[in-house]
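Chemist: Respectively, the protein sequence lines represent chains W and L. Under the working numbering, think of the first position of the first sequence as 1, with each following residue one higher. Under the working numbering, think of the first position of the second sequence as 1001, with each following residue one higher.
Treat the hints with caution; some may be incorrect.
Partial selection, computed: residues in chain L whose CB lies under 8 Å from chain W [as the list claims (entries may be wrong)]:
#1 Ser1513
#2 Val1523
#3 Asp1525
#4 Lys1529
#5 Arg1548
#6 Phe1552
#7 Ile1561
#8 Gly1565
Here are the simulated lysine-lysine pairs, PhoX-like style, with alpha carbons at most 20 Å apart [to be verified]:
#9 Lys1621/L to Lys1800/L
#10 Lys1517/L to Lys15/W
#11 Lys1800/L to Lys15/W
#12 Lys1130/L to Lys1154/L
#13 Lys1459/L to Lys1330/L
#14 Lys1510/L to Lys15/W
#15 Lys1510/L to Lys1497/L
#16 Lys1105/L to Lys1003/L
#17 Lys1673/L to Lys1663/L
Derived Cβ-Cβ restraints for the label pairs, each shown as a range [as the list claims (entries may be wrong)]:
#18 Gly94/W to Arg1076/L: 43 to 49 Å
#19 Ala1089/L to Glu68/W: 52 to 58 Å
#20 Ser85/W to Ala1518/L: 31 to 37 Å
#21 Asn1315/L to Ser35/W: 48 to 54 Å
#22 Gly94/W to Ala1024/L: 46 to 52 Å
#23 Glu68/W to Val1715/L: 23 to 29 Å
Please keep in mind that the hints were generated in silico from the structure rather than gathered at the bench. This one's a predicted model, so the numbers in the text were calculated from it and none came from an experiment. In this text, a Cβ means the ideal position worked out from N, Cα and C, and glycines have one as well.
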Amino acid sequence: MTGGVCIGDVAQIPKGEGRTFAVAGRRVALFHTHSGEVFATQAECPHLQGPLADGLTGGATVICPLHERAYDLRTGQGLNGECTSLRVYPISLGTDGKIWLQIPG
Amino acid sequence: MGKEKLVVIGNGMAGARAVEEVLARGGGDRFDIVMFGHERYGNYNRIQLSNVLNGTQRPDDILINPLDWYVENGIRLHIGELVDGVDRAAKVVVSSSGIRQRYDKLLIATGSRAFIPPMTGAYLSGGRLKPGLFGYRSLSDCSAILDYVKNSRKVVTIGGGLLGLEAARAMMLLGAESHIVHLAGHLLEMQLDIAGGGILRKAIEQMGIHVHVKKLTTAVLGDDKVTGLVFKDGETLDCDMVIVAAGIKPNAEIGVRAGLTVERAIVVDDHMRSVDDPDVYAVGECAQHRGRVYGLVAPLWDQGKVFADHITRTNPSAAYHGSKLATKLKVMGIELASMGINDPSDERDEVIQFSEPKKGTYKKLIVRDGRLVGGILMGDISKAAYLMQAFDRDSPLPEERLSLLFDLGTPSQKITFDEMPVDAQVCNCNGVTKGAIAACVSSGKRNAPTVMDATRAGKGCGSCKGLVGELVAWLCGGELDEDPSVHYYVPCIPLRKPELVQAIREQGLKSVSAVFKALAGGVEDASSKPALASLLITIWHKEYEDERDARFINDRVHGNIQKDGTFSVVPGMPGGVCTPDELRRIADVAVKYDVPLVKVTGGQRIDLVGIPKDQLPGVWKDLGMPAGSAWGKSYRTCKSCIGSEFCRFGLGDSMGLARKIEKRFRGIDSPGKLKLATAGCPRNCSEALIKDVGAVAIGDGKWEIYVGGAGGSHVRKGDVLCVVESEDEVLRYTGRFMQYYRENAKYKERTYTFVERVGIERIRAVVIEDSEGIAKSLDAAMQASIDAAYDPWEEATAPKTANQFVSLIPAEGA
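Work the whole structure out from these sequences, hints included.
Modeler: So, in structure tokens, the structure goes:
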């Protein structure tokens, strides 16, 4: 039912932080919020390739550590009035704490 | 009904802006839009080309509309396509590569190109410009210039107008010997009179640029590349590169080929429509309206609006009546405003003038019948907004002429903003009025950045940013529903710092998430986390419940993140002193980990730069030295000079004191970074006068303590806090000052701002004279923080979070 690629245990990502994963030949940033949600986006900031997983998160927002570009983790939408946005990947979290990621195409 | 085809020739500032205006009027429903651009980019801000040339901006930074914008708005853009024919009978345009595009309405916005004045030897036999000779008009000109200047020693810029001056400055900044050759008798003759031009020239020459006026260039020397110039007076000037910025030439040939009336440019009526064809329009520098061709952006915006109103039928009677030319600009760092005529031209004209050449200040107004007909402001342009408005609207001036040049007595801005009419233009580049900014502020945008994003004010050349900021502040401050969040410690909790501290203490909130839960309605705000973490550790010391996600990445992995995501490692090295053994270990680590860069820092330490996150623990272990805290908002380091130990002038043991200071305060968090220094004598080789805290030995065991100094983006000499008799006292008052700063400064407020805001007298009263009776508690709080401090590099062997130092985790199923 889950499909996609199994990333691993959600405990690999501390709450409120992000980590970068190598998934099927690409880099994906995963975020684990304090409320227990998990989000996946492209790993590098579209502005100047900052490592988003090293950013600050709050709720469903991440701020890139290099130049403070902010994005909505749910939609990937940029929050700085610019039109850039992040690619987001659909995610499912199994009852066993395993994260599954869908990579379309 | 099918859509009409609107074809736009030209994708520069005029063409793209005109299309934006059409879209803003719902023109996307009415027209299929096709654009042709000769350059291979989206649309960029030509005003900022000089920033690309001098290296402060990259080509990407000056893009106004990236290629995505065209896609999103359903515009078909042909880049790199030169349109060279228009068949008006068939209503078709033809590009050089053979694209034929039918149109219902045609907009010509081909702009202009650099005018290369006739000079013998400018061209090679094939008709190509001689290598080393460049026009200066486009991004590709910029990259060609930047490429060539690498191998050039001496560069001459022909043209002492705006563009030329900026080009000459960029060449100087790039390390070339830079010369300006100008035809007129003084620089910037369109904007300045002789006196103003003279003052400007002096300022420019002080920057190291050579200025030659009254020079007509007649020939370019060199067989296969530029080697010099010849002037009409017979003199020559050797050089290996020439930039021509001697004016522009409208790209109006397309109009000629289309059979339109072309004089200096394509002649248009008040609707910006060709006088020959109701379906063909022209805007920008390729258009001539009532005999005038404009080369500035503000008229171009006005023309774009009229065009859009007319073509979309939003306002079929929209008419352009010409623009009065008033500009505000920054030439080579010198602020300048200019409007109308530069010299009196009628015997009724009254001239009001002030000149202070030493300071580079020059003000001159020309008043006719009580109205402003011309003006120059240089150096101090604080009155520019009001005067430019008075000029533009032809409004009567106050009888008190002196007040036109200076703000007398009363707070100036308030009067200026009060006086400023609602439709006064604040941002000339994007045509944003005071009214538009006021509407934006009252719609809830309450700080300059959000107002600028929403209105685009300040997004052109950027010279009005300061004014926009002041106006927004004035608009917010002047209303009853002032947005108090600027005073909050963090924007998501409506409390000032002392109130927040009180709430945190009373409710016993010891972690950042507890604060969000109790005081912010459970809503986390990412950007507020580090500020709260910093505050909580100051309040609770050992009892603070550290949540690593509340820290900026630097404080999670104890290094400073670099642009490629690697980190820098700086071991502690108090006073810039280390042992040969430590030095050897640093070298061994650099070799073992193949560290890309080893650099001595400004704080007298050694920086190992470019270390991947995964290697940090290994590097720390192998170094066997404590962390230098070179990454966070915290005590950073204490520099020193050699002091009495070896220096023949030394009066105190500055190295020893630096060691004591570092041992005591290393690892102490603070609102902003704290950089300290000790100096063994008042010669101040260690720059103690411009440090957050500096101690200077003055003999007999005495030390002067300076606070609030700065030597970074802001430069400030510290204020003397006190003179003490011993090193122990230095430690005591330094700690007490730092604790007072920790408890009272805003987050990210450096001591130089804090000291000025609170006032050195007040700080001295509290810290030295104990006027508030809190000295003991400040000392105790600092001591508690010191006791709670630890070396974070110990986490090398005991990571605090899962995958703390892993930069890439393989997925289980991949």
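Chemist: Indicate, hint by hint, whether the structure satisfies it.
Modeler: Going through the hints against the structure:
1. For serine 1513/L, the shortest C-beta to C-beta distance to chain W is roughly 6 Å, which falls under 8 Å, so the interface hint holds.
2. For valine 1523/L, the suggested interface contact is upheld, since its CB lies about 6 Å from the closest CB of chain W, less than 8 Å.
3. Interface hint at aspartate 1525/L: satisfied, since its Cβ lies 5 Å from the closest Cβ of chain W, which is below the 8 Å cut-off.
4. At about 6 Å, the closest approach between the beta carbon of lysine 1529/L and any beta carbon in chain W falls short of 8 Å, and the interface hint on this residue holds.
5. Evaluation of the arginine 1548/L hint against chain W yields a held restraint, the C-beta minimum of about 6 Å falling below 8 Å.
6. Hint status for phenylalanine 1552/L: holds, given a least beta-carbon distance of 7 Å to chain W, under 8 Å.
7. Taking 8 Å as the C-beta cut-off, the interface hint given for isoleucine 1561/L holds, the closest approach to chain W being about 6 Å.
8. Hint status for glycine 1565/L: holds, given a least beta-carbon distance of 4 Å to chain W, under 8 Å.
9. For the hint pairing lysine 1621/L with lysine 1800/L, the CA-to-CA distance comes to about 16 Å; that is within 20 Å, so the pair holds.
10. Distance hint between lysine 1517/L and lysine 15/W is fulfilled; the C-alpha atoms sit about 16 Å from each other, no more than 20 Å.
11. At most 20 Å may separate the alpha-carbon atoms for a hinted pair to count; lysine 1800/L and lysine 15/W meet this at roughly 13 Å.
12. Our distance criterion of 20 Å between C-alpha atoms is met by lysine 1130/L and lysine 1154/L, whose separation comes to about 16 Å.
13. Among the hinted pairs, lysine 1459/L with lysine 1330/L is consistent with the structure: their alpha-carbon atoms are about 15 Å apart, no more than 20 Å.
14. For the proposed pair lysine 1510/L and lysine 15/W, the alpha carbon gap of about 17 Å is at most 20 Å, so the pair holds.
15. For the hint pairing lysine 1510/L with lysine 1497/L, the CA-to-CA distance comes to about 16 Å; that is within 20 Å, so the pair holds.
16. Taking the CA atoms of lysine 1105/L and lysine 1003/L, the gap is about 11 Å. The hint holds against a cut of 20 Å.
17. Distance check on the hinted pair: lysine 1673/L and lysine 1663/L sit about 17 Å apart at the alpha-carbon level, within 20 Å; holds.
18. Restraint check, glycine 94/W to arginine 1076/L: a C-beta distance of roughly 47 Å satisfies the suggested window 43 to 49 Å.
19. For alanine 1089/L paired with glutamate 68/W, a C-beta distance near 56 Å keeps the hint of 52 to 58 Å intact.
20. For serine 85/W and alanine 1518/L, the hinted distance range of 31 to 37 Å is satisfied, since their beta carbons lie about 34 Å from each other.
21. Checking the proposed 48 to 54 Å range against asparagine 1315/L and serine 35/W shows it holds: the Cβ atoms sit about 51 Å from each other.
22. Under the hint 46 to 52 Å, the C-beta atoms of glycine 94/W and alanine 1024/L, about 49 Å apart, fit the expected range.
23. Restraint check, glutamate 68/W to valine 1715/L: a C-beta distance of roughly 25 Å satisfies the suggested window 23 to 29 Å.
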